[in-house]
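*Asks:* Start from the sequences, fold in the hints, and give me the full structure.
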Amino acid sequence: LAMTSRKDNAGFLKERFKGDELVTRAANYLEKASELYREVYQLIKDGATSEEVGEVVNLLKKASVYEREAGLLMIEAGR
471 LAMTSRKDNA GFLKERFKGD ELVTRAANYL EKASELYREV YQLIKDGATS
521 EEVGEVVNLL KKASVYEREA GLLMIEAGR
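Using my numbering, the letters of the sequence shown map in sequence onto residues 471 to 549.
Fair warning: there could be bad hints in the mix.
[To be verified] Cβ pair distances, simulated, as ranges:
1. Phe487 <-> Ser534: 17 to 27 Å
2. Ser475 <-> Glu525: 14 to 24 Å
3. Asp478 <-> Ser534: 14 to 24 Å
4. Glu491 <-> Ala518: 15 to 25 Å
5. Gly481 <-> Thr519: 16 to 26 Å
[Unchecked claim] Here are the simulated EDC-like cross-link-like pairs (lysine to aspartate or glutamate), alpha carbons at most 16 Å apart as the crow flies:
6. Lys532 <-> Glu509
7. Lys477 <-> Glu505
8. Lys484 <-> Glu501
9. Lys477 <-> Glu537
10. Lys502 <-> Glu539
11. Lys531 <-> Glu505
12. Lys515 <-> Glu501
13. Lys532 <-> Glu501
14. Lys477 <-> Glu501
15. Lys531 <-> Glu509
16. Lys502 <-> Glu537
17. Lys532 <-> Glu505
If you are wondering where the hints come from, they were derived from the structure by calculation, not from laboratory data.
Owing to the predicted nature of the structure, the values given are computational and were not obtained by experimental measurement.
Cβ atoms here follow ideal geometry from the backbone N, Cα and C, with glycine treated the same way.
*Replies:* Now the structure itself:
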């Protein structure tokens, strides 16, 4: 699941690249995305109502923004 892999990736990045501000910020975004994926999972694990489906869509959109920001920061950190 995305929530687990993003959280694990964030932990790895923070440990492996201590002191690198860009990587730390990217890891923080991955943790935020992970939390949103956890919320999505909680909403859909037993089935979702129409209202919950709308909320899932919004949560995934927010998570995609965090994922994008993390990726951009990682690109910048690699330069």
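*Asks:* The structure should be examined with respect to each hint, and the outcome stated for every one.
*Replies:* Consistency of the hints with the structure:
no. : hint                          : result
1   : Phe487 <-> Ser534: 17 to 27 Å : 23 Å, holds
2   : Ser475 <-> Glu525: 14 to 24 Å : 22 Å, holds
3   : Asp478 <-> Ser534: 14 to 24 Å : 19 Å, holds
4   : Glu491 <-> Ala518: 15 to 25 Å : 38 Å, violated
5   : Gly481 <-> Thr519: 16 to 26 Å : 34 Å, violated
6   : Lys532 <-> Glu509             : 12 Å, holds
7   : Lys477 <-> Glu505             : 8 Å, holds
8   : Lys484 <-> Glu501             : 11 Å, holds
9   : Lys477 <-> Glu537             : 12 Å, holds
10  : Lys502 <-> Glu539             : 11 Å, holds
11  : Lys531 <-> Glu505             : 13 Å, holds
12  : Lys515 <-> Glu501             : 21 Å, violated
13  : Lys532 <-> Glu501             : 13 Å, holds
14  : Lys477 <-> Glu501             : 5 Å, holds
15  : Lys531 <-> Glu509             : 13 Å, holds
16  : Lys502 <-> Glu537             : 9 Å, holds
17  : Lys532 <-> Glu505             : 11 Å, holds
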